[in-house]
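Q: Put chain L on the given structure of chain C with help from the hints.
2 protein chains.
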Amino acid sequence: MDVFEAMGSARAIRYLKPDPVDPELIEKLIWAATRASSPGNSQGWDFVVITDADAKARIGGAVADAMAGIFREPPADADRSVRLMLNGARALAGSLATAPVLVLVCGRMVYPPGNPDEQLVWSACYPAAQNLIVAARALGLGATFTTFQRRAEQVVRGTLGIPDEVRMAALIPIGWPDREHGPVNRKPVEEVIHWDRW
Amino acid sequence: MDVFEAMGSARAIRYLKPDPVDPELIEKLIWAATRASSPGNSQGWDFVVITDADAKARIGGAVADAMAGIFREPPADADRSVRLMLNGARALAGSLATAPVLVLVCGRMVYPPGNPDEQLVWSACYPAAQNLIVAARALGLGATFTTFQRRAEQVVRGTLGIPDEVRMAALIPIGWPDREHGPVNRKPVEEVIHWDRW
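So the sequence lines, in the order shown, correspond to chains C and L. Residues 1 to 198 (the working numbering) make up the first sequence, in order. Residues 1 to 198 (the working numbering) make up the second sequence, in order.
Bear in mind the hints are in silico, worked out from the structure with no lab data behind them. There is no bait here: all hints are sound.
Because identical chains cannot be distinguished in the list, a pair is counted as satisfied if it fits within a single copy or across any two copies.
Heads up, simulated SDA-like pairs for lysine to any residue below, C-alpha to C-alpha not over 25 Å straight-line:
#1 K187 x R167
#2 K17 x S81
#3 K28 x E190
#4 K28 x P183
#5 K28 x R197
#6 K187 x R90
#7 K187 x W31
#8 K17 x S38
#9 K28 x R11
#10 K28 x H181
#11 K28 x G182
#12 K17 x W195
#13 K28 x S9
#14 K187 x E24
#15 K28 x H194
#16 K17 x A91
#17 K28 x F4
#18 K17 x A57
#19 K28 x W195
#20 K28 x L139
#21 K187 x G161
#22 K187 x L25
#23 K17 x A97
#24 K28 x M1
#25 K187 x P163
#26 K28 x S38
#27 K187 x R80
#28 K17 x P183
#29 K28 x P100
For reference, chain C alone in the conformation it holds in the complex (with noise of 0.2 Å):
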């Protein structure tokens, strides 16, 4: 597919069907995720699958309580394309056990916490993030980037043995899509382009 096309209609798609994935697209997500830029080519990107039930439970289990006290119905004067996103990161947060397949980006520190540098861990790893989210269209998977392990740190570290220096970027739900996808919503690139000063 087409670059353009790929990235312009990347929706985050949040509803997955449960038919499984063949390891072998899910290799060639992580091979375009690792085409990504990184400082120095330093490449310090890790990738988890899981596609395990019990870890799949586990994680989802902590995830859907700690969003549960998040997610509130959406404001009645929401528009449409919030009220989707909110109705439908809640559903997601809801069936992260049953997704076929769960990917957890991390990163290796290569400065400690708060060390000014600290930020080129996610130089490398949100590059490779978003890689993998433009070729899964491609390849015609669903995916939605979130940040969802944030939210259950400790199960997540714990479910999957995560060491204590790897940082986590991202967590993102893959399967075959139960929505279609489309243009994705965006502000016009003349909000957010400034010409030779800001």
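A: Chain L only, in chain C's frame:
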């Protein structure tokens, strides 16, 4: 261009021709960048497009000065790709003033520094930066993901008028390539995939 072909050949292009780049192409890159994921579709990104010769000279001069104290000759036993990267990075730092376009990718802070959710600012602007890199490759433009702005933060802020509360994620020189795109050099996928457990 196909998604996987573009990602797989989006080599960091550290040598650029002086020819100007049509502003419409830059807008297309920013369009692609803003198709990226962000938490709750918050789109917390801004892009400063720098073509002004004085601004480029000030920023380029400050970065080159700061880097002069850091870069050394590559170690004699460094392998070829590391030598090429170090020499290329030094050349790039020295040629920011003459790059046709610099794009500074910025993020709006949602949480104050030190807050655990500070990472959310990076989870929007680094995905956007990566989409820009892949889109540049698809258009045949040369680009390199750098964090050079961190070497001369006050000069960059002052020259461009970046507000204190805005974070700077990446500084990406863009132009027509003076080296060829080609397969990126990365670790094998098996080394970074963990199936079900770290």
